[in-house]
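Below are the chains, spelled out letter by letter.
Number of protein chains: 2
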Amino acid sequence: MSFRFELLATDGGARKGILHTPRGPVHTPAFMPVGTAGTVKAMLPESVAETGAQIILGNTYHLMLRPGAERIARLGGLHAFMNWRAPILTDSGGYQVMSLAGLREITEEGVRFRSHIDGSEHFLSPERAMEIQRLLGSDIRMVLDECPPFSAGEAEIEASLALSMRWAKRSKEAFAGDSNAACFGIVQGGTYLHLREKSVHELSAIGFDGYALGGLAVGEGQEKMFEVVQTTAPLLPADRPRYLMGVGKPDDIVGAARLGVDLFDCVLPTRSGRNGQAFTWDGPLNLRNARHADDEIPLDAGCSCRACRSYSRAYLHHAVKSGEIIAAMLLTWHNLAFYQDLMRQLRVAIGEGTGEGFARSFLARYRSEHLEVGG
Amino acid sequence: MSFRFELLATDGGARKGILHTPRGPVHTPAFMPVGTAGTVKAMLPESVAETGAQIILGNTYHLMLRPGAERIARLGGLHAFMNWRAPILTDSGGYQVMSLAGLREITEEGVRFRSHIDGSEHFLSPERAMEIQRLLGSDIRMVLDECPPFSAGEAEIEASLALSMRWAKRSKEAFAGDSNAACFGIVQGGTYLHLREKSVHELSAIGFDGYALGGLAVGEGQEKMFEVVQTTAPLLPADRPRYLMGVGKPDDIVGAARLGVDLFDCVLPTRSGRNGQAFTWDGPLNLRNARHADDEIPLDAGCSCRACRSYSRAYLHHAVKSGEIIAAMLLTWHNLAFYQDLMRQLRVAIGEGTGEGFARSFLARYRSEHLEVGG
Chain A
1 MSFRFELLAT
11 DGGARKGILH
21 TPRGPVHTPA
31 FMPVGTAGTV
41 KAMLPESVAE
51 TGAQIILGNT
61 YHLMLRPGAE
71 RIARLGGLHA
81 FMNWRAPILT
91 DSGGYQVMSL
101 AGLREITEEG
111 VRFRSHIDGS
121 EHFLSPERAM
131 EIQRLLGSDI
141 RMVLDECPPF
151 SAGEAEIEAS
161 LALSMRWAKR
171 SKEAFAGDSN
181 AACFGIVQGG
191 TYLHLREKSV
201 HELSAIGFDG
211 YALGGLAVGE
221 GQEKMFEVVQ
231 TTAPLLPADR
241 PRYLMGVGKP
251 DDIVGAARLG
261 VDLFDCVLPT
271 RSGRNGQAFT
281 WDGPLNLRNA
291 RHADDEIPLD
301 AGCSCRACRS
311 YSRAYLHHAV
321 KSGEIIAAML
331 LTWHNLAFYQ
341 DLMRQLRVAI
351 GEGTGEGFAR
361 SFLARYRSEH
371 LEVGG
Chain B
1001 MSFRFELLAT
1011 DGGARKGILH
1021 TPRGPVHTPA
1031 FMPVGTAGTV
1041 KAMLPESVAE
1051 TGAQIILGNT
1061 YHLMLRPGAE
1071 RIARLGGLHA
1081 FMNWRAPILT
1091 DSGGYQVMSL
1101 AGLREITEEG
1111 VRFRSHIDGS
1121 EHFLSPERAM
1131 EIQRLLGSDI
1141 RMVLDECPPF
1151 SAGEAEIEAS
1161 LALSMRWAKR
1171 SKEAFAGDSN
1181 AACFGIVQGG
1191 TYLHLREKSV
1201 HELSAIGFDG
1211 YALGGLAVGE
1221 GQEKMFEVVQ
1231 TTAPLLPADR
1241 PRYLMGVGKP
1251 DDIVGAARLG
1261 VDLFDCVLPT
1271 RSGRNGQAFT
1281 WDGPLNLRNA
1291 RHADDEIPLD
1301 AGCSCRACRS
1311 YSRAYLHHAV
1321 KSGEIIAAML
1331 LTWHNLAFYQ
1341 DLMRQLRVAI
1351 GEGTGEGFAR
1361 SFLARYRSEH
1371 LEVGG
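Read top to bottom, the protein sequences are chains A and B.
The numbers in the first sequence follow the working numbering, run straight up by one, and end at 375.
The numbers in the second sequence follow the working numbering, run straight up by one, and end at 1375.
For the record, the hints were derived by calculation from the structure and aren't laboratory data.
Treat the hints with care, since some could be wrong.
Derived EDC-like pairs (lysine to aspartate or glutamate); straight-line CA-CA distance at most 16 Å [said to hold, decoys possible]: (1) 172(A) / 127(A); (2) 1041(B) / 324(A); (3) 169(A) / 131(A); (4) 41(A) / 1324(B); (5) 169(A) / 109(A); (6) 1321(B) / 118(A).
Far from chain B by the CB rule (all over 10 Å, computed), these chain A residues [unchecked claim]: (7) 10; (8) 116; (9) 239.
Okay, the calculated beta carbon distance ranges per label pair [said to hold, decoys possible]: (10) 70(A) / 1007(B): 54 to 60 Å; (11) 104(A) / 1105(B): 56 to 62 Å; (12) 348(A) / 1066(B): 39 to 45 Å; (13) 344(A) / 1353(B): 55 to 61 Å; (14) 1297(B) / 149(A): 41 to 47 Å; (15) 1112(B) / 323(A): 22 to 28 Å.
Idealized CB from N, CA, C, for every residue including glycine.
Using the sequences and the hints given, assemble the complete structure.
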């Protein structure tokens, strides 16, 4: 096993560590930019690395449909294909497939679905999900799980969990033997704490290189999400990394890191960047707002990203209003740099045992000026 | 006068030189990437410079409407605004305004028009065109001229030319006194060689820092365009740079440089890059074509741009098909690098007196495989 999670410090529930991988280290807590279809949108890979990102996420669903996992394998794997040489985590495709309401059918064997691109029929089983991730050559691979809707009741969640646990076992068996990659299980159970606990025990019995919390940030609200994380995280093996899937806003990340989460991913910094929104220590800014038209200052005077080093808010406002591609490029760059700066500061604070004070002062400042974008 | 055109070598009609400006040298023949609205689309300015570009073009029409010339002046000028520290040439806005059929009215005084963005009314005179360019702080400023449609007859072209020459005189008078910038006149006269000659004599009598050929590449065809250039260029003062506006395709540039043109601009490399097209020494490629889906080779093995160094045609095909922004970024980068490489090789060939052989072998190879995009 070439993967090793080194715990460097704890601070209350928070952890600082290093996930050692054959493609280099990942300092945790870490944020993984999302590279959906073989690109972190509007960024060159070297720019993503320049922000400090040490790992990115790729989406199995998108890549299996286009350009296809077998094709990527023939072309040398996802790292070479997209020119990203550091670690890549791939999801199982399950989350996106489950979202295709009306276009998919779930059975014990797996899930049959139609492509949103051309309507072609595809089948994803735990075995095929692991095979695709092997073909992509990702460093961290996720088990296939079912993702019930937030609206599901307890009985439905419990049945879904049982299926996910059977799929987790099949995924692990299908993964077996690839010593250059890690396999993560996914804890499900909705907001039912006893189901989360049951899920943790079943996954731990199978044994994974890391454990993710799935089925959160789907509408339950931050308080409920934190409750699940707070209850579940301490049950997980301390020597394995913990990954909160699809999270989140900066304040979600700060809060969940306090509760012991090591890995995060979210489309928010990249998607917001394409929508004219920028994250700052004083809260998010909407660059489309006319009040920025004559504003000579950068997005964030303390930030060293390309956008902040060389452009005024007035320029970014102009570029956003004009629909120029450079607006997406610069705002995405800044947002990813902001997220990485946040993670760096979190790691320092946890290492120094001042995580709680850091979180408190971060939130006080970040939430003080939520004038432009909903929090 | 801080501008000086240094002629280093001639080779038949072709010239190799350096345009010295307060913001640095421009080696000619030079190609100017188009930065329409304060950005060379899909490129960071440092990337534009990395391709070898020493000067870019900005569009007065677009900038005066959004974000506005006075605003850019308040923000420190166009160079600071868009983070491009090398020379900028701005057009007068005339060409774009004249294209607003039905939305503009031309009088002796100037042209009244409505913005394509919000319908607001604006007025552009020779004096205002020069004032806007002064507010932008561009290094090379173009006189306001009328651009008659290609379909215009001789009488119409002659009347239009007379107006353009009166406007040229007013433009020069309005420009007077700005010693950090250069002012270029624009030769008009359609495809009527005697009108072109007349235009050259009138402009030379006024006296400009450089001379442009306008009203070409508007549908007359390459042969006719070359005829006009061949007849007109030798009439221009040899100690001033010559600029063929809006040109063009690689073979247009090679041919016109042979006839003594020093400066070019065109949206083709940037616009094509956003449309999935790449320029290569073997002719243009359409990356959307399915035959590239499994192609492991780069766009051009001899090119050192970011796209060619790190990506396969298969990746670029995937990115184009998926509508990813990185496709526009990488293909634009490559196309601008290709244009700059072409200019560099042209300059070397002219310097060595082998321009004719270079042109012949370039065209033979470039035109041999026009399989994918119309020439």
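Tested hints:
Restraint check for residue 172(A) and residue 127(A): satisfied, since their Cα atoms lie roughly 9 Å apart, inside the 16 Å limit. Taking the CA atoms of residue 1041(B) and residue 324(A), the gap is about 7 Å. The hint holds against a cut of 16 Å. A hinted pair counts as satisfied when its Cα atoms are at most 16 Å apart, and residue 169(A) with residue 131(A) qualifies at roughly 15 Å. Taken as a hint, the residue 41(A) and residue 1324(B) pair is honoured in the structure, with Cα atoms around 7 Å apart against an allowance of 16 Å.
With a CA separation close to 13 Å, the supplied pair residue 169(A) and residue 109(A) stays within the 16 Å bound. Of the supplied pair hints, the one linking residue 1321(B) and residue 118(A) holds, its CA atoms being roughly 13 Å apart against a limit of 16 Å. No Cβ of chain B comes within 10 Å of the Cβ of residue 10(A); the nearest lies about 39 Å off, and the non-interface call holds. Distance check for residue 116(A) against chain B: the nearest CB is about 12 Å away, which clears 10 Å, and the non-interface claim stands.
Listed as outside the interface, residue 239(A) is consistent with that label: its C-beta sits roughly 37 Å from the nearest C-beta of chain B, beyond the 10 Å cut-off. In this structure, residue 70(A) and residue 1007(B) meet the distance hint of 54 to 60 Å, their C-beta atoms being roughly 59 Å apart. Under the hint 56 to 62 Å, the C-beta atoms of residue 104(A) and residue 1105(B), about 59 Å apart, fit the expected range. The beta-carbon spacing between residue 348(A) and residue 1066(B), approximately 42 Å, falls within the hinted interval of 39 to 45 Å.
Here the CB-CB span from residue 344(A) to residue 1353(B) is close to 58 Å, well matched to the stated 55 to 61 Å. With their beta carbons about 46 Å apart, residue 1297(B) and residue 149(A) fall inside the hinted range of 41 to 47 Å. Distance hint check for residue 1112(B) and residue 323(A): the Cβ-Cβ separation is about 27 Å, which falls inside the suggested range of 22 to 28 Å.
Going down the numbered hints, you'll see the structure goes against none, and every one checks out.
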